[in-house]
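Visitor: Chain by chain, the residues:
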Amino acid sequence: MQTYHKILTCLMVLLLFSCKSVLDLKPTDKILAKDLFGDPEGVKLYMANLYYQLPMEDFAFFRAGFNQNHQDPNNGGFAPAMVTDEAVHSEFGDFVGDGDFHWWDQGYKLIRDVNLLIDAIPTLDIIETERKKLTGESAFIKAFAYFALAKRYGGVPLIKATQQYTGDVEALKVPRSTEKATWDYVMELCDQAIANLEPGDGKSRRATKYTAAALKSRAALHAASVAKFWNRAPMSGTAVTDKLVGMTAADAAGYYTACIQASELIMQSGVFALYGATPASPEEAAENYRMLFQNPNGGDKETILIKGFTLPGNFTGHNYDIWYQPAQSANGWPHPGRMNPTLDLVDTYERYDRPGLASPVVTTTEGDVTDYGGYNPSLHYLQFDSPNDIFKGRDARLWGTAILPGTGWKGTPIIIQAGYVQPNGQAVIRTKAETTINGTTYYTYGAANTSQYSGFDSYGGNNTRTGFSFKKFMNQNAPVMAGWNQSTTDFIEFRYAEVLLNYAEAVVESGTGNAAEAAKALNDIRRRAAHTTAIPLTAAAVQRERRVELAFENKRFWDLIRRREFHTEFNNRLLHSILPLQDLRALPAVKYIFVRVVVPNSNPKTFAERSYYRYIPGIAGNGLVQNPQY
Amino acid sequence: MKRTAYILSMLLIAFTACKKDNYDGPTATLYGNIYDAGTKTLLEQDIIRGSVVEIKEHGWENVQPQWLIFKVDGAYENSLLFENSYSVAPVRGNFIPVEPQDVRIAGRTQLDFSVTPYIRIVNPSITRNGNIVTATFSLQQQVTNNVRKIGLYAHSDFRVGEPLRLTAAEQEINAVTDPAHVYTLTIDLQAPNIRDILKPGKTYYFRIGALIDATESKPNYAKAVAFDL
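Chains as they are written, first to last, in our numbering: chain A, 1 to 630; chain B, 1001 to 1229.
Looking at chain A on its own, in the form it has when it is part of the complex (with noise of 0.2 Å):
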């Protein structure tokens, strides 16, 4: 025994001492950063990851963050746009919560990651154009990352070349910079891309001078309208004093400036048009309108940036079809019909009949339509043929955008009904029911199972409970796949019709630029969803057409952001359904009546003013200022 622990402790000695470089091994399933840059290929392949990492808020962005599209993204099907007045869940009451839409350690790591890449750009053996393409590029990546940053957490601190760790944590603590500080660097990095790139027609899914061009465009906007609304809900604290967060309304003047030229760009290239510009009927608008975001690739010259969602499967797919199809089109998915489109949404559509006027959805012939206290049979309710005759006349993006009850879908009429009105004037609502008069039954939801109807019914959180169905960016043409990440639609990040809206906003608010073309813009947009009436330019009017037009892609929580409305708009604020009912007084006829209610089991939400901005993680360890009443 004594001997072998001799032994036993003689060999750990020599292994000691033995050799030098043991831990010097270089990892056979990682490469060199020199191989890698030193390489186009790897070069166009760490490229591909700087892209993937992008914030691009699509089909994969959801309050946990971006990409959420791989094992099991089980969220419940909770959109962003169910944090605005645009949508409600089926179930959840969910609102804006602290944690919510966060990016910071992943903003970080890509900046990193690109500044990686601008440090190896010089040495690279590649012809001067490709040089001067990638400099744009990563110029593009940053300047898209810290736009990311910017929105959600005001000023921050700005890495402007790779960090050296020399052994001083304290070194790498760069601190916040100041707000406005932030969105010039933004302007700055939106300007070195512009410069350049070359210019593209929008097919490529990589940056061109025009997809710059979008980027600057849609930050200058928003940096804009934080200086000139900021005075609408200020804060105070540090952050403030240091001016870390907020602008002053003097800062507004240049970025609609850089807006508008950065916008002008784009529309003077001749690249660029709305897809099926002058449709002969309303009819044809909506189905162009419903196309462009089925196939973007198709869009023609609508499309500056498509991200592809090109495969079924982890990183490649998402679960649009899944979460969002009625529940008659659920095809085996056991968790269909979490997007409801609102009432409140619906009643922003413009009727064809009253161009550039408020037209809520008129269900009386008393007309009060803030009367949302439920049926009452003293009231004299319009009947009407149809589930969406009430609709019938409002804008094609209506008809493009949500299912409405009744219409059909995938060759099946979808059933969307709360109720009807027994012929002794009761009503009988949002309860399993069924009556029969004469030898037919009638059923409460329009039909007798949960497999023939898509509303109301609590069964499963499946049904809307607003009256609406949701189809934009739903792929008619396959049945759902019932499995996690199946959906290849691809995301339009920017196209042409948000570029002419951030124009017309820039002038009207500004009162700078060219009023007529920014009157132009707002209309031409109006006249592809068959308006032919044109209507002045005003801001109202701008903002209608955002919400219209931009509805669900992920445009409206910023709009509120940006423009200080959320606190105002969501103060106890309750959102609204439509109830269509069958009223069975008119037996034999079959007329429907509709009741405009709140939103069933739904309740107030209120916005916090500390939410314009997002908490600063991790600030005992970062030593960074904290933002106002965090």
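Any given hint might turn out to be false.
Among the chain B residues that face chain A by a calculated CB cut under 7 Å, a handful are [as the list claims (entries may be wrong)]:
#, residue
1, 1062
2, 1066
3, 1188
4, 1192
5, 1193
6, 1216
Keep in mind the hints are simulated off the structure, nothing from the lab. Just so it is clear, CB atoms sit at the ideal spot from N, CA and C, and this is done for glycine as well.
Since the structure of chain A is provided, determine the placement of chain B on it from the hints.
Guide: Just chain B now, kept in the frame of chain A:
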């Protein structure tokens, strides 16, 4: 039997292995009231999204502030604080902002605040006549800012206010108000959107509020009045 004894003895070891915590819990209490410096009366507050007492514990870098809430009558108390010195100030309130003060909090420490409210609600009266609840009052502004809005708020909870309401009659003002003007707000209990919310046979509280147009301001209130509908 042997097996059970074994499990029991292992459990005994597991639970005696380490002490639960090395540190004492918080022992100190900070409490007090917020007064209107002019009238020497308590300044009415909101229970949610209202004015708060911000305290920052000394001795830490980049410290996370803590916020203590007020009760609706203007009293506050927090009995789970660590004994230390703090910077304390009521902030984001319905009064002209005040400077923070350094306070040693130990045992039961009382700290009252005396502030100037943005608006005093004068001669408030809430009456009910049949289905109509009527509030009348005048406003005395203590600052030259605009008054943003006034309101009559109703809730089944006595802590009713602008943030905590079932229904409200609000009026946008957006102007400097005349102290001689008498404002009238009414809630019709039979109105279509209200009759299902304020139900007969229950008690509801009504409260008059007025909001100044200032940074992070909160509404000023008169005392709530209860009616059995």
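Visitor: Please go over all the hints and tell whether each is borne out by the structure.
Guide: Hint by hint, here is what the structure shows:
For residue 1062 (chain B), the shortest C-beta to C-beta distance to chain A is roughly 6 Å, which falls under 7 Å, so the interface hint holds. With its C-beta approaching chain A no nearer than about 12 Å, residue 1066 (chain B) sits outside the 7 Å limit, and its interface hint is violated. With a least beta-carbon distance of about 12 Å to chain A, the hint placing residue 1188 (chain B) at the interface is violated under the 7 Å criterion. Taking 7 Å as the C-beta contact cut-off toward chain A, the hint placing residue 1192 (chain B) at the interface holds, the least distance being around 3 Å.
Because the closest C-beta pair between residue 1193 (chain B) and chain A is about 5 Å apart, less than 7 Å, the hint holds. At a threshold of 7 Å, the smallest CB-CB gap from residue 1216 (chain B) to chain A is about 6 Å, leaving the interface hint in force.
Violated hints, in rising order: 2 and 3; the structure is consistent with all others.
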